[in-house]
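Number of protein chains: 2
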Amino acid sequence: MNFLEERIKKDGIVKPGNVLKVDSFLNHQMDIALLNEIGREFHRRFADKPITKVLTIEASGIAIAYPVANEFGVPLVFAKKSKSVNIEGDMYVAEVESFTHKNKNQVIVSKKFLSAEDHVLIIDDFLANGCALQGLISIAEGAGATIEGLGIAVEKGFQIGGRVIRNLGYRLESLAIVDAMDAETGEITFRAQ
Amino acid sequence: MNFLEERIKKDGIVKPGNVLKVDSFLNHQMDIALLNEIGREFHRRFADKPITKVLTIEASGIAIAYPVANEFGVPLVFAKKSKSVNIEGDMYVAEVESFTHKNKNQVIVSKKFLSAEDHVLIIDDFLANGCALQGLISIAEGAGATIEGLGIAVEKGFQIGGRVIRNLGYRLESLAIVDAMDAETGEITFRAQ
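Read top to bottom, the protein sequences are chains A and B. Count along the first sequence from 1, add 252, and you get the number used in my numbering. Count along the second sequence from 1, add 252, and you get the number used in my numbering.
These are calculated hints, taken from the structure and not from any lab test. Note that the structure is a prediction, hence the values are computed from the model and not measured. Do not take every clue at face value.
Note: identical chains are not told apart, hence a pair may lie in one copy or across any two.
[To be verified] EDC-like cross-link-like pairs, simulated, lysine to aspartate or glutamate; straight-line CA separation at most 16 angstroms:
(1) K332 - E310
(2) K273 - D283
(3) K333 - E310
(4) K273 - D342
(5) K262 - D283
(6) K364 - D283
(7) K273 - E257
(8) K332 - D275
Construct all of the structure, not just a fragment, from the sequences and the given hints.
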């Protein structure tokens, strides 16, 4: 087990309905030392890529993406979720349909901050059905940027998102892939990587 | 002028209606080196305080609070904005009325992550009417925590928020206080501190 899998095993809480709570260290209260370690690990994994921007989505994605951008020494851009159709200024917009919530949201990034010259590393904390990540890919592709890879802290391997994105040919690195969870025993099974 | 005032002068854009755009370096695209400097500055200003938690609010607050929590070596907790009245679990809730948008929002933090033992530093990127900050204060007070201070990157000194919070007796440190802006000339007047 790597450092993140160990931490999930120690402090993650399995709830009925395949819910994994990591809110004591990853996405509500944040352990900065752990996040800094995540930043170093993604930097190590994508060190061969000429990254110019780290792209994430609000809100909890920002805390994972910060240390990654810090390691690469590049700007961090975060996409905003918006329900409004009235976007002021010049924005890249992706319509994202939520598999879970059965509704549509817009994900927006100002055109000032992504261009065809950019080599983008997309970062987020969680990957399940991949709706948010597909929106970020759509925005980066729309900008003509090169997507050098995607880095996820926790992937739910039994949901469709990871498979879809790998099938599309993107290099997706998840630090922990949860293949099964048992709410009765609290047991979490990680995919061997 | 300090480093943040200089950067605002260089890259901030004044728009009609007293709008100050700092989205190229502070709250949409983020200059991580600048944010790290902000983290060091708040650490210097509150070094005499026994901070145990940094508290902020999603989304852009997270990127300011991250380097501050990193400097203090303490966890970062971010409050979530919620429109729903149906809060699952045990949450501190503040009802926040937006002066600008004339609507009410809830700001929530899990009770697991704030307690009477905590010494809290509240951090946010912007202070105008102070609605969000008042919600964070209400939550920290509700937890019985000690609010050691509040740190803001950019305060609009001509709006009411800063005065209200200082009048309440809190120690509020804003790295840049904008006292006036001119959309015609682009000129920004900072308060001497």
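Hint check:
1. K332 - E310: both (6 angstroms within a copy, 11 angstroms between copies)
2. K273 - D283: within (14 angstroms within a copy, 31 angstroms between copies)
3. K333 - E310: Both. Shortest intra-copy (7 angstroms) and inter-copy (12 angstroms) distances satisfy the 16 angstroms Cα cut-off.
4. K273 - D342: between (37 angstroms within a copy, 14 angstroms between copies)
5. K262 - D283: within (14 angstroms within a copy, 34 angstroms between copies)
6. K364 - D283: Between copies only: 14 angstroms across, 32 angstroms inside.
7. K273 - E257: Result: close within a single copy only, 13 angstroms intra versus 40 angstroms inter.
8. K332 - D275: between (21 angstroms within a copy, 12 angstroms between copies)
Every hint, counting from the list given before, is met by this structure.
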